[in-house]
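Make a model of the complete structure from these sequences and hints.
The primary structure of each chain is shown beneath.
Protein chains: 4
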Amino acid sequence: MCTAAAIKTSSLFFGRTLDYHKSFGEEVVFTPRRFTFPMRFCGDWRRHYAMVGAAIVAEGYPLYYDGMNERGVCVAGLNFPHSAAFFPPSQSKINLAQFEIIPYILGSCATAAQAAHELENVNLTRENFSKELPAAGLHWLIADGADCFVAESVAGGMRIHRNNLGVLTNEPPFLYQLSNLSRYMMLSPGLPANNFCKGADIRPQGMGYGAIGLPGDMSPQSRFVRAAFFACNSNCGGGEEEGVNRLFHILSGASVPHGCCAAGDGGWESTLYTCCCSPASGRYYFTTYSSPAPRCVDMRLENYEGDALVRYPMRGGFFAQVVNGRAR
Amino acid sequence: MCTAAAIKTSSLFFGRTLDYHKSFGEEVVFTPRRFTFPMRFCGDWRRHYAMVGAAIVAEGYPLYYDGMNERGVCVAGLNFPHSAAFFPPSQSKINLAQFEIIPYILGSCATAAQAAHELENVNLTRENFSKELPAAGLHWLIADGADCFVAESVAGGMRIHRNNLGVLTNEPPFLYQLSNLSRYMMLSPGLPANNFCKGADIRPQGMGYGAIGLPGDMSPQSRFVRAAFFACNSNCGGGEEEGVNRLFHILSGASVPHGCCAAGDGGWESTLYTCCCSPASGRYYFTTYSSPAPRCVDMRLENYEGDALVRYPMRGGFFAQVVNGRAR
Amino acid sequence: MCTAAAIKTSSLFFGRTLDYHKSFGEEVVFTPRRFTFPMRFCGDWRRHYAMVGAAIVAEGYPLYYDGMNERGVCVAGLNFPHSAAFFPPSQSKINLAQFEIIPYILGSCATAAQAAHELENVNLTRENFSKELPAAGLHWLIADGADCFVAESVAGGMRIHRNNLGVLTNEPPFLYQLSNLSRYMMLSPGLPANNFCKGADIRPQGMGYGAIGLPGDMSPQSRFVRAAFFACNSNCGGGEEEGVNRLFHILSGASVPHGCCAAGDGGWESTLYTCCCSPASGRYYFTTYSSPAPRCVDMRLENYEGDALVRYPMRGGFFAQVVNGRAR
Amino acid sequence: MCTAAAIKTSSLFFGRTLDYHKSFGEEVVFTPRRFTFPMRFCGDWRRHYAMVGAAIVAEGYPLYYDGMNERGVCVAGLNFPHSAAFFPPSQSKINLAQFEIIPYILGSCATAAQAAHELENVNLTRENFSKELPAAGLHWLIADGADCFVAESVAGGMRIHRNNLGVLTNEPPFLYQLSNLSRYMMLSPGLPANNFCKGADIRPQGMGYGAIGLPGDMSPQSRFVRAAFFACNSNCGGGEEEGVNRLFHILSGASVPHGCCAAGDGGWESTLYTCCCSPASGRYYFTTYSSPAPRCVDMRLENYEGDALVRYPMRGGFFAQVVNGRAR
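Keeping their order, the protein sequence lines are chains A, B, C and D. Take 8 as the starting number for the first sequence in my numbering and just add one per residue. Take 8 as the starting number for the second sequence in my numbering and just add one per residue. Take 8 as the starting number for the third sequence in my numbering and just add one per residue. Take 8 as the starting number for the fourth sequence in my numbering and just add one per residue.
Warning: the hint list may mix true and false statements.
The list treats identical chains as interchangeable, and a pair is accepted whether it falls inside one copy or across any two copies.
Calculated cross-link-like contacts (lysine-lysine; reagent style DSBU-like; alpha-carbon spacing at most 35 Å) [unchecked claim]:
#	residue 1	residue 2
1	K29	K15
2	K138	K29
3	K138	K100
4	K138	K15
5	K100	K15
6	K205	K100
7	K205	K138
8	K15	K205
9	K29	K205
Derived by calculation from the structure, the hints in this document are not laboratory data. Here the structure is a predicted model, which is why all the values come from computation and not from measurement.
Listed below in structure tokens is the structure:
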């Protein structure tokens, strides 16, 4: 269960929530240009763009949930369990395992448009990373300062959709979510007019009446509508921290307090972390459920030409404040 | 569970649904001017306005659910079980048992304004009609061609409210229902504008999008909103049958198919009858759940100066058509 | 704008509303077995099953909106303007113009299953009936006492879906509407439990609270949900008139009072007619907006072996009652 | 526009959001026992309980928005503009200006129950603090570890209501909000059962379906329902920071991104600050719109026996972290 949003002020701010009922030990991981990705279908990949994002590291491999690269391309993978489709390897396509999609995009694409173009030739296979980490159904939000796309591998193959709203959640597929907005089109941040009964004296009893009908629950459709409403209507100044702050406020409207949304298995979904990529500064900002103070990792403080992963823990205390390269 | 509505075209059309899980044998009953009402607190009432409406007749007494009188005043009693209050008899007030309210209004008032004025002096007592027919909590919609009021005997005494919407259902009290409309004020019969995300291409996918948010369930609040929306926005020509037809269409939006709304005791609420008083013609129109063809009783065909009730059954077959005074 | 529903008690009752902002002069039309249909792609069709339904007759041709045949197959065409797709004539398919679909099904199919099977080979072409009556996008609900299907000619070709709910409205396509029900799955005809805040004293304030959240507006999605809720939960006895009555109550919940739903062009949508086919009796029941008393045409009173259309007007007065073969 | 919530884990956590379209320069203000309050009707008050909370300081006087005292009583004032009533000074009552209510409660009451009892004798007068700072309509949430109450001075006088939910927003009055919850009683954190159509295969398409119907807009009624749902259903461990964290997650669901809720005058409402009082530790935690990292002021580090206000700015940078008595 996840929500992603991309907004533009003077530059792009791209982030997501990761909601789940347990943590797999996510970290902020910087992958330098010379780290070797052992690709399942095309051999070792020894040189690519540097990238930073949230990942779990398994067998020395960064399994990215989201991230950005040194060129400003951002991507996030979100749960898409019912509609995601995998295919047998194909001679005429670029075959990728699902866990390779984010490294492939971030490692090879200088723009979101290039990513969209390349993905049209990608064939998604059902390769597991390992027996313990099987392929799960995802779809992806991809953006840079110029464009935003959704990539969905569904029955019929990979589909790429332009996404001017910059919002993505989970099921059903993106085109449904987009079409579903028409049912909320009259909602506004303003005070509503009385259209109900002309001539009657009907007035709001407070602020916020223009958006009555905005859904407040945690279903994927409702989070999409809410995130879209907040993304479309929120505003802020042009500075870095103002943009990050606005994105965090948008995403907090899609966050879930522990105990308010059951996972299927008896546990509770909650927002394990929320992040914001800022390509203009190279900073990856994040908060976690129990550590609400924003922290950040600045990829420009790292060595792009290295060959080893650099890992920063996400866990931290209630007042945690960490920035790589600076004392806390 | 009931819904009442009063609309004005060239004249008044006033009607209601009666929803219940069983019938008590309602009839259309004409009470002529010289029928004697044995009043509980003020002795026998031997001369009053003639009236017609739906009633059950018990021990020769017409227990009216609704009706109109020869002067064009209409009244309907609707369920109000949690908020209705009864009081001990008072020296300084007109004491009435609940079952006497409708005869009192229709028998003595030439206008709705007069009824509102008189009711301010009424003290509602907890007199039962009989052991089998105890006093139940009701409130009343009262209208003529000029005015419309709601009367509620609540903790604190009888309250009279002007009701320009002409709609009434059940709990909570009328002022709540009126105030609650502010939460629906942006709904309209038209096609909505895109206020959600300026610049995005969001369009309706059919008619009716302007009223998305209108509640469709059978709770009293939802029926109030729906009946108000239909009453405020529906239109028709100026003829008698056009007005009756429009009122029936409004009320059918608050009607409940058998099986779709549980009564507390294991049965099902359904719309036992729907009626429409037309003071301009003196006709009382009605349909029942299983006899959907409109029928009517024309009070002007009756003898106003009589002293005995005239009773017409409401029950009838699927194609039933009855008008008093005419064969069928 | 239309709503169709099929329910089964001891037999099938199949009906629909036809909502539009103006009438084209609909009639109830009986087509006997030897009426010649001049098919656009397969020449004259001189012998077929007899059928009855609502149609406009243009140039001697019955343009059916809905109907049933002598074998008990029922079909209704509903507006589907955005998603309906037409195709060039195909050598390998049965090519039909849109206005031929209903005659084709009713004329040739003894069961709904046969209709579903045949339609899989149908190629829908963009033939106009005439310059004044161009092909409009529709989809179809098809049922008999055993099965119910939806047929949609969309990009990709004709799609047939089993429809156990028996309900159809307009856009988006049927699979969307079906999937959308999951957002209403907790609604019930009963009184709800307090799941919101265990330990708090939260109680319904009237009947109908179990269905709070049921949409009340006239958008196609909302009418689908409402009609499905009423169709699934309503009940009645096993007689003919009880079934017809139940179907009319279901459909009246999707009907629209004049003035409450704007058509695109400045007019108002309203429910021009509501019908109910009863294959068990061969009767086609109907009401119109301004003539709410049920009327019916009994196809078994007609001459199946004729070669000429038999036409009955739908228009009638407020108290209209017509049954073919009997005096009014 | 404000939302307040009180939850209990091993101890009380009491907080609120303050939403407004501009800041008046709120600070965290500690008032020691010997600070003199010049009371409008009862002369100088020279000794009282020490307190800490958010206030603006005008003419040396702390105009508290909320706070707690050394005994663990917490109070927050929330906007209540339509229903709040003021009265002329009364001989038989304790007369207080509105800005004196919070100091009076916190300065004199050892428990919330005592506060409730005292307020029953309070008469709220329309004294302005100054021409620039006139009396505004408010109501109050008051709690300690044992009890929670709402105090509303309405037409008819001061009304005290027990509040087991621990939630308060704005208009309409508290009893309305409480009663309104019945319309949401079936919502749950869990996965819903299919009550809609028994026998049909209707399943959730993701998590969160049990709460579909929860309102997501910023109207006071919707924020009340949402905060109540989150307060009732969220959970956490028993530690101090876990409780503060849970309260902040509850309140963030009622927070408003800048630009998404219009103020009447052309500006935008946003959540200026969010606070959490923890009587068990004496700490007043807070975040602001643009400084999301939690900070706190620990009243136990202050000199209770002082006579001068101690003031801490709320403003801070994006990464701000301040605790009084400790280096940042």
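Consistency of the hints with the structure:
1. Within a single copy, K29 and K15 get their C-alpha atoms as close as 32 Å, and across copies as close as 25 Å, so both meet the 35 Å cut-off.
2. In this assembly of identical chains, the alpha carbons of K138 and K29 lie at most 35 Å apart only when taken from the same copy (19 Å versus 55 Å across copies).
3. For the identical chains of this complex, K138 and K100 are intra-copy neighbours only, at 25 Å inside a copy versus 48 Å across copies, given an alpha-carbon limit of 35 Å.
4. Taking CA atoms no more than 35 Å apart as the test, K138 paired with K15 passes in neither setting, with 40 Å inside one copy and 43 Å between copies.
5. For a Cα distance limit of 35 Å, the shortest separation of K100 from K15 inside one copy, 33 Å, qualifies, whereas the shortest one across copies, 51 Å, does not.
6. Proximity of K205 to K100 under the C-alpha cut-off of 35 Å is found in neither arrangement, the shortest distances being 61 Å within a copy and 39 Å between copies.
7. Within a single copy, K205 and K138 get their C-alpha atoms no closer than 65 Å, and across copies no closer than 39 Å, so neither meets the 35 Å cut-off.
8. For the identical chains of this complex, K15 and K205 are inter-copy neighbours only, at 15 Å across copies versus 40 Å inside a copy, given an alpha-carbon limit of 35 Å.
9. Proximity of K29 and K205 under a CA criterion of 35 Å is satisfied inter-copy only: 25 Å between copies versus 52 Å inside one chain copy.
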